Amino acid sequence: MKKKPIRHRKSNASKKAGLPPGSITYIGKERSEAAILEMISYNPQELSKVKYDTCAELHKNMQPNSVNWINVDGIHNYQLINEFHDIFNLDNLLLEDVSNTNQRPKVEEYENYLFLSLKMLRYDEVEKTIDSEQISLVLSKDYVISFQEKTGDVFGHIRERIEAPKGQIRSKKNDYLFYSLIDSIVDNYFIAIENIGNDLEDLEDEIFNDPSQKSLQKIHAYKNILLVLRRSIYPLRESVNKLLRDNDKFISPKNIKYFNDVHDHTIQIIDILESYRDVVSGLKDSYLSSLSLKMNQVMQVLTIMATIFIPLTFISGIYGMNFETIPELKWEYGYYYFWAISIVIGIGLLFYFKKKKWL
Amino acid sequence: MKKKPIRHRKSNASKKAGLPPGSITYIGKERSEAAILEMISYNPQELSKVKYDTCAELHKNMQPNSVNWINVDGIHNYQLINEFHDIFNLDNLLLEDVSNTNQRPKVEEYENYLFLSLKMLRYDEVEKTIDSEQISLVLSKDYVISFQEKTGDVFGHIRERIEAPKGQIRSKKNDYLFYSLIDSIVDNYFIAIENIGNDLEDLEDEIFNDPSQKSLQKIHAYKNILLVLRRSIYPLRESVNKLLRDNDKFISPKNIKYFNDVHDHTIQIIDILESYRDVVSGLKDSYLSSLSLKMNQVMQVLTIMATIFIPLTFISGIYGMNFETIPELKWEYGYYYFWAISIVIGIGLLFYFKKKKWL
Amino acid sequence: MKKKPIRHRKSNASKKAGLPPGSITYIGKERSEAAILEMISYNPQELSKVKYDTCAELHKNMQPNSVNWINVDGIHNYQLINEFHDIFNLDNLLLEDVSNTNQRPKVEEYENYLFLSLKMLRYDEVEKTIDSEQISLVLSKDYVISFQEKTGDVFGHIRERIEAPKGQIRSKKNDYLFYSLIDSIVDNYFIAIENIGNDLEDLEDEIFNDPSQKSLQKIHAYKNILLVLRRSIYPLRESVNKLLRDNDKFISPKNIKYFNDVHDHTIQIIDILESYRDVVSGLKDSYLSSLSLKMNQVMQVLTIMATIFIPLTFISGIYGMNFETIPELKWEYGYYYFWAISIVIGIGLLFYFKKKKWL
Amino acid sequence: MKKKPIRHRKSNASKKAGLPPGSITYIGKERSEAAILEMISYNPQELSKVKYDTCAELHKNMQPNSVNWINVDGIHNYQLINEFHDIFNLDNLLLEDVSNTNQRPKVEEYENYLFLSLKMLRYDEVEKTIDSEQISLVLSKDYVISFQEKTGDVFGHIRERIEAPKGQIRSKKNDYLFYSLIDSIVDNYFIAIENIGNDLEDLEDEIFNDPSQKSLQKIHAYKNILLVLRRSIYPLRESVNKLLRDNDKFISPKNIKYFNDVHDHTIQIIDILESYRDVVSGLKDSYLSSLSLKMNQVMQVLTIMATIFIPLTFISGIYGMNFETIPELKWEYGYYYFWAISIVIGIGLLFYFKKKKWL
Amino acid sequence: MKKKPIRHRKSNASKKAGLPPGSITYIGKERSEAAILEMISYNPQELSKVKYDTCAELHKNMQPNSVNWINVDGIHNYQLINEFHDIFNLDNLLLEDVSNTNQRPKVEEYENYLFLSLKMLRYDEVEKTIDSEQISLVLSKDYVISFQEKTGDVFGHIRERIEAPKGQIRSKKNDYLFYSLIDSIVDNYFIAIENIGNDLEDLEDEIFNDPSQKSLQKIHAYKNILLVLRRSIYPLRESVNKLLRDNDKFISPKNIKYFNDVHDHTIQIIDILESYRDVVSGLKDSYLSSLSLKMNQVMQVLTIMATIFIPLTFISGIYGMNFETIPELKWEYGYYYFWAISIVIGIGLLFYFKKKKWL
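Taken in order, these protein sequences are the chains called L, H, W, S and F. Take this note's numbering: the last position of the first sequence gets the number 359, and nothing is skipped along the way. Take this note's numbering: the last position of the second sequence gets the number 359, and nothing is skipped along the way. Take this note's numbering: the last position of the third sequence gets the number 359, and nothing is skipped along the way. Take this note's numbering: the last position of the fourth sequence gets the number 359, and nothing is skipped along the way. Take this note's numbering: the last position of the fifth sequence gets the number 359, and nothing is skipped along the way.
Source of the hints: derived by calculation from the structure; they are not laboratory data. You can take every hint at face value.
Any copy, or any two copies together, can satisfy a pair, since identical chains are not distinguished.
Below, a list of computed lysine-lysine pairs in the PhoX-like style, where the Cα atoms sit at most 20 Å apart:
{"id": "1", "residue 1": "K284", "residue 2": "K214"}
{"id": "2", "residue 1": "K294", "residue 2": "K357"}
{"id": "3", "residue 1": "K294", "residue 2": "K214"}
{"id": "4", "residue 1": "K60", "residue 2": "K141"}
{"id": "5", "residue 1": "K214", "residue 2": "K356"}
{"id": "6", "residue 1": "K141", "residue 2": "K249"}
{"id": "7", "residue 1": "K214", "residue 2": "K357"}
{"id": "8", "residue 1": "K294", "residue 2": "K284"}
{"id": "9", "residue 1": "K257", "residue 2": "K173"}
{"id": "10", "residue 1": "K249", "residue 2": "K106"}
Remember, it's a predicted structure, so these values are computed and weren't measured experimentally.
Build out the structure end to end from the sequences listed, making use of the hints.
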């Protein structure tokens, strides 16, 4: 379990080495599903939601006075991604980033559109891993495109709100949809983090009660998960910050406050992550000191037993000797004296250990 | 006990995921008390203090030439909070932050008012936890609003000073009241910190005298408490700093010095917090080396006992053997020689241990 | 001993909570001595040094063409401090900082004067604690005021130089006196630090030779002392830097170089402090590994003794058995063979331990 | 194995001490191969690839309307490097940096050319070391020069793309070739890092299953390798960043996006490096706690054995004594009682250890 | 050995406390050698190298059209240093810094000259200490002054190059000499660092093979040496950087590249220092885990011996008992059965330990 966060990270990065720039190379997990291309066009009055086979077809059906949300599930489909270059005129370097599932979250402003790459994170509670999916968003005057690795996303709430005839979102523009998509992804980070928090508490109990080598492996696994989260969220914060600073071209001033809100959320997530990092490093300390404590207890038991019986055994050894003249052996109550002395020594040592707080 | 600071943190954050922005959702502990809405209006001549049921009613009674301090206890009352949007025209995103008890301290300037969110912290000396309450302050030309999670606050001194007919505060404006509320909250941080400092000293004594696994749990508990404090106070410092830099619109220049003073106090608190962090991490080291020391002592006892008696037992074993010819057994004073040798060996080893400083 | 630096820090900070701003509240140790108010007025020709009972009286006697150095010993005297507000027109917030012995070093420019708060530090070599005293300096065109907690200071050299008729200082202005006071305090930091350095070397020897739990307590005590120093000196460096950048109003350009020099000294002190921090954390490592080493030695002694005698004891046990037919017991030289075997085993094991470098 | 990364670093740095600046001194490994000087000149129509013996000869053959890529394998050839000063007018300080294999990656703009020094890194999977080679690139209006330490590089793909008649690269200018060379080197970093990642996972398994002192040496070796990588890649990021900011003179604006892409890659590599650092430091913790765990197990075995048999041995010792009157010895079933008691004690202790989870 | 770097640091710093500013007080080691005052004047045509007794005499002999390099060995000579104030008009604060051997490296621009203070470091390979000497350089239009603590320096190469009639340096100006002196000192840092690197490798071998308390002391000694180096080189880098940024007045633009080169070297040295810091902290970990490993081995030996022989001794004890009826004692082959059982138990336990990898 533990290694997945690392493994996922570097998968196939070397596939790209040596290719010319702007090479659209999908480097994520191999997928066989067909890619899905769908457009939702809406304005306060109208709404249409249609799947298309080709980009060209879709492009013809774009509504001039509506918000056109084009969603692509399946960035492993090279031909489809390439069509966006031909038909939507998206830059090849941008599309290279779209297909590169290792892409670090970033924002880039092109002449006619704004590009934001970020991660959709879901915490798999059974496997205790982070399921990270690359999402790329393109915002232009005429459309919003969202590229996803696979079917299934966190945009369900947004679709519902669009489909509700009186949803606030229906009366808003592209930039608000763009914001809503980002916000939806960021809100899901909170859920992932909350689950991790619960798991960390369980782990804490385990470590205090019964620390084993497995506990240590779990600690490392969570440390790695937090690293993956950090790597996704820190650059996102910078990106959103850059959006706030620079992009008055694609985002209307009155919507800036929404992006401000997203920025606040990323800061809050980072705060929690940092505190979890502290928790995890505290867990490691607890683990190590649990080991030490246990060792101490083991040693105390050994010492108590040995310290009590070693001198007694010596005494019994003395009277097992075969010297011709050992006067005590002839005493009538010698054997009983032996017991008396043994019991006195034993009880004396027990008191001594009591005083030392070893018992 | 130990986990509360974490648990409190993430409570219900996920409730908000998927909701449209500006959704006023209370995510703190569930509360059933009725919310309280009160306005104190004062100027040098007059003073009124009235509870209202609705915002509308309150709004009608606002005094144009007075400082109007509106205090709301109970941000879990969705209807009430919403009225502030309708009647005072407060932005929905602002009210969302008011209801979000996880909100990070922040300051935001809107067109007609200034918004400051901060935490009221009280250290519960019995439970050894930080009781954190979300306070939101709104400052406009006409009023100051304070939103609290629940009844009971640290503003008692301010109410008294307002009620005193010749209080300096009576002759001051909104911005001074706004300052006084912040100052009052920040002053209470000092009390919380002082209590923690006392507890840390007790813990230090405990660790040096009788370290147990409970001590470690306490160390982690205090570490978490300090984390909670940091998360509340660092952003507050930034916020107050931002107030100092940017907001000449709502704060008159001659009162800037008061906010400067608050800023100084937050820096001082952060200084103390940082030093407590060092203290806590020093405690962990002390705990671990206390364990090591104890282990050393246990091992020394074991080694002393074993080293003295193991050779003696061997000697006694020799003369317990049944060889037909063991000349020593026939010696008249053999048994006494045995004792002499045993005592010499024993005392010799004791001197050796003395020299090694094990005794 | 160890806790004083912490304890001193937070003493009574909570006394101030709830008071209106500008409340002059002395929060240091309780003192009963009478406060002393003295003014030294000098110019190249003249010199007067008089004690006064009230501020008003002193104010009347200020010399217009001289440097007037007003020194106050005893900031616990509320009435006296208050008089400075009435007669010298010092701001109440400034005087609040003067009386607050927890005040962080800072510089503040007011309209008619410059305020610098800093710490006078003396290392008590017997108690191994830092004796920290709050000094506040006010520089205006007409006077320099120095507020001290108690009688006794590090300004003796300055007084001597003033009293020497041809002292360079006599021909200089207020700003040079202001500099001299700061310089004198900063120079004393070097002495405190030198003493700590010597103590750290002694502690290092102790830890390598005979580590005990007391050593660890001392390490923590020095760590705390260094923390106190840091908290005093870092903000002072910032303050002096701020003086250098901003205050051409009270400091003449040709004296800037002196303040530059002080700034250099604070940087140098911080350098040394940082290296002492490293030394102290190295001491802790040494302490822990001293413990481990000692444990190793103890264990080796135990293992050597047990490993040699346990098999020998077993052999002696064999020939102590009462089986009817143990042929060896009948051998003429059986007993001597036993000794031979025992000695061979014993020496063999000693060689083995020699090879393992345990001896 | 472990020390190579350090050793390589400081080799011969002192050779340069005392020489006048601009002294071209090769300080890397001694090499005896002849240096190779080759020029590839291309434009969309034409392509030539010729080896030359001297710089002068090469210079005569430079094509005015082509991209001229001059590649030098063998910076240990002092005469050859010097010719670049005489014929290409390259600054002596630049050539000093070219020959200094310890040169930190840097970019420098000269009047007529741009100089970039960086490292070509290859991970030797057998030796587990980083093979670092110094590459220096010079970009001018007329040519691109690449200086390498030895034959063999990562530019194979670029040569292939140049030789392909319709390669995009053929229609581009010097700056694009310059970018391609950098990109090619940076892409190879990903391969090195991926290999290290795999090795780290193997090491992790080893440490959890069978930690030995060799594991620790390996951990240090990887730590050193990561240090070498950091030292190569951090300054490269800065350098590329500087290129992005300042150098519109040699890089056409429409190609800036390619350098932006390289910059992104360096950031991504740094991200991975940082996470590997965490992994390596986690491995060290695992190693230490593996040792502790093993110690605990050893101690438990010892304690169980000793605790069970020491009291039993005492009992057997009692009935080995030779007192004249030991009544139990006369009992008919005394011997069987002895066994019964021994078995009861033995089993009782086993249950006790079971309860303590030592078994 | 270990403490010298600290001791050297703070020597006599307190001597200066209480003196007026600009007091030229030598605080280094006491020296009795006579100070040496020498001037080398050169231009492309001429060269003179003369020792002088007084500054005044030297000043008269300065050559107007030559580079005048004045070298002073012996800053402990108060009168001589003071003459520089009288005759060369050097500021007293500057001369105070010249005599203060604890002076942190710094650069300062005065009206007529530029002042640079730095450290000449030599690593004493026998004593394993850093020999640090304070060098102060003054650059004006007319001369370069170098102040040294004592005779013997690293400027031999420069003198040789000056004396060589066609040396490049002869045709250059003051600023180039100034650069050459700095460069020469910085180049020597590389030698010091290379030696330390070699020593660290030896120490690493020692720790892996035979860790003792001396190893730990050595680790601390190297840590302190690296601290001393850091404290000398970090501020030097800043100073050179400041030179690069600000001082076009004394350094001609065409020579800026040389200072750039020195700056690069300081960065490279800092890089190496940082990596050595990591190496040293890795050594401490290795030391501690070497101790743990050794402890584990000791414990394993003890446990193996005890576990094998303790039960056997118990068995032999059984048949040493004197019960009247122990049937086994009567068996013909009882003694041989005993041996058989003992050998089976012994071998069984050995297999068990083999399986546990303790053997």
